[in-house]
Amino acid sequence: MPKITSIAELKKIQGEIKAKKAAAAKDKIVVNVSLATCSIASGGKTVLAAMKDEAAKQGINNVEFMMSGCMTYCHSEPTVAVALPGKDAVLFGNLDEAGARLLVEKYLKNGEVVGKVIPINYTRVEL
Amino acid sequence: MDLKKQLRIATRNCGFIDPECIEDYIGVRGYEALATAITAGTPADVIDVMKKSGLRGRGGGGFPTGTKWGFAAANTADQKYVVMNADEGDPGAFMDRAVLEGDPHSTVEAMAICGYAIGASIGVVYIRAEYPLAIKRLVKAIDDARASGLLGKNILGSGFDFDIELKYGAGAFVCGEETGLIRSMEGQRGEPYTKPPFPANSGYWGKPTIVNNVETFANIPAIMVKGSDWFSSIGTEKSKGTKVFALAGKIVNVGLIEVPMGITLGEIIFEIGGGCPDGKKFKAVQTGGPSGGALTFKDVDVPIDYDNLIAKGSMMGSGGMVVMDEDNCMVDVAKFFLDFTMDETCGKCTPCRIGSKRLYELLEKITLGNGVPADLDKLKMLATTIKDTALCGLGQTMPNPVLSTMATFADEYRAHIYDKKCPSGVCANLLEIVIVPEKCIGCTLCARVCPVNCIAGKVKEVHVIDQAACIKCGACIDKCKFEAIVKQ
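Each protein sequence line maps, in turn, to chains A and B. Heads up: the first sequence begins at 386 in the numbering used here, then just goes up one per residue. Heads up: the second sequence begins at 430 in the numbering used here, then just goes up one per residue.
To be clear, the hints were calculated from the coordinates, so they are not data collected in a lab. Any given hint could be a false lead.
Unchecked claim - List of simulated lysine-lysine pairs, DSSO-like, C-alpha gap at most 30 Å: (1) B:LYS816 with B:LYS794; (2) A:LYS406 with B:LYS569; (3) B:LYS709 with A:LYS501; (4) B:LYS868 with B:LYS816; (5) A:LYS396 with B:LYS655; (6) A:LYS472 with B:LYS655; (7) B:LYS655 with B:LYS624; (8) B:LYS709 with B:LYS794; (9) A:LYS437 with A:LYS472; (10) A:LYS388 with B:LYS565; (11) B:LYS569 with A:LYS397.
Please model the complete structure; the sequences and the hints are all you need to start from.
Written out as structure tokens, the structure is:
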């Protein structure tokens, strides 16, 4: 990213990023894999690799993979949040290699919920 | 069940943005608070917002953040420092790591805001070397912010300079105490010193220094963007905003939670935490780690905030919540925490160095079944003396687990001393593992699993455990299919 030299420039970049994110949320499947120390220890990286591989195998092209930090659900790690185009993210937990592949095959491809879904139990303050 | 008991301010971005991508952070109005503060306001404005917000230090002490910043700002010095305390060391607490791994930029931004407010150009992060991923992501965040012109010289053309460096701690609990931390940063032994002088007047290298915790910093950009009125509308009269807790131990939903101050203990344990696993009865929760105390099943209606916890003989601490069920022995729990502080005392002052050892020995004596009635008075006297005379926060709070368990579970202490029994069946010396003759069918499974071969009996005949040889490992209990072996 280029050097930001004024608050106006910062706001402009902020607007561009927001627009890009909104566009991705509208048209793409966004797969967000929790990769904090604990999620990695419980197999988060394996899940990410399996999902990427399976998406390629299934020929699903409109997926954007991203990693994030702690999703706060230690009891259900590894966790993955999947947002189908235009929809709210659904949080899946206790995934392993097989579960990750099944998730791609069922939910990413057909919107069919499979495995453990974690209910969202918080209100997030968004700025 | 209301699933939305939680409110996420400090952890607002954790799990939502890519922590290694500065664009993701800018996309959620990142660095906007800093940019606005340094280009459109004065340092006094920032301190005013912080004071009005009512934010108090999240590392445990609960000192009002704005007031502390005001002290440092009022001092004139050729150099001031902003320090982020990321030396998270309470057993069972991991919220700082979660924030640093999930949203490092919010802490970087907040340190710069603090720097502007107090007139500091250098920020230092004191982080434990055992957090390699948090370090990696924080370093990347600092580098990216610098490359984007959001740290460094003349940020956004405002004339304000600020940069951040890291110091790695070797993982000593006492270095989380701010004066111990400062000594350690200066390359000396991590030994606390008496306050005053407070770091806000004379801290790192003798200069005015603000030491704030990771979670405190993570709240600040949100307060600056949404305003002090918004923040102070959340929480209780004297404790504003939210607190992040690490829920661990005997609880179904182990995890990180962020809840508004004033939520009751019962809501945390049963509604968010889902209660104890396997239908066991909730007994107590240790808040504030080794410096705190136990809240019990009697306290489920207590609203959690700084003052209520202190009134209950505990403290907020950094926010570890270790949940215990009916199978936990409270004397053993107190011993566990004393074992920790006994190891972690720096040894500078006598009450802490020797007192912790003696406290531990008394607890050990009781759990081994050698306690005498006079030990209870001794424990109390020693604990109170340490609390009153130790040099720093570590020593002053170290007896809390003993005092609070003695106050709320006096019957358990008495059972150990007078009846030589451990009601929860934890203290090995005080229990016998026996086979119930009516239930034993003589399957021999227990005899085969016993590591010391102390179970005798023929096939299809009742088996018997030789108490003198039994090491109380409990392997036979787990193996028995007929619930014929019990602790008593």
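Each hint, compared with the structure:
1. Straight-line distance between C-alpha atoms of LYS816 of chain B and LYS794 of chain B comes to about 22 Å, which keeps the hinted pair within the 30 Å bound.
2. Only pairs whose Cα atoms come within 30 Å are accepted, and LYS406 of chain A paired with LYS569 of chain B is accepted, the gap being roughly 22 Å.
3. Simply put, LYS709 of chain B and LYS501 of chain A have alpha-carbon atoms about 24 Å apart, close enough for the 30 Å limit, and the pair holds.
4. A C-alpha spacing of about 51 Å is found between LYS868 of chain B and LYS816 of chain B, which places the hinted pair above 30 Å, so the restraint is violated.
5. Straight-line distance between C-alpha atoms of LYS396 of chain A and LYS655 of chain B comes to about 16 Å, which keeps the hinted pair within the 30 Å bound.
6. The straight-line distance between the Cα atoms of LYS472 of chain A and LYS655 of chain B is roughly 27 Å, inside the 30 Å bound, and the hint therefore holds.
7. A threshold of 30 Å between alpha carbons decides the hint, and for LYS655 of chain B with LYS624 of chain B the separation of about 35 Å lies outside it, so the pair is violated.
8. With a C-alpha separation of about 29 Å, the suggested pair LYS709 of chain B and LYS794 of chain B falls inside the 30 Å cut-off, and the hint holds.
9. With a C-alpha separation of about 21 Å, the suggested pair LYS437 of chain A and LYS472 of chain A falls inside the 30 Å cut-off, and the hint holds.
10. For the suggested pair LYS388 of chain A and LYS565 of chain B, the alpha carbons sit about 22 Å apart, so the restraint of at most 30 Å is met.
11. Distance hint between LYS569 of chain B and LYS397 of chain A is fulfilled; the C-alpha atoms sit about 23 Å from each other, no more than 30 Å.
Violated hints, in rising order: 4 and 7; the structure is consistent with all others.
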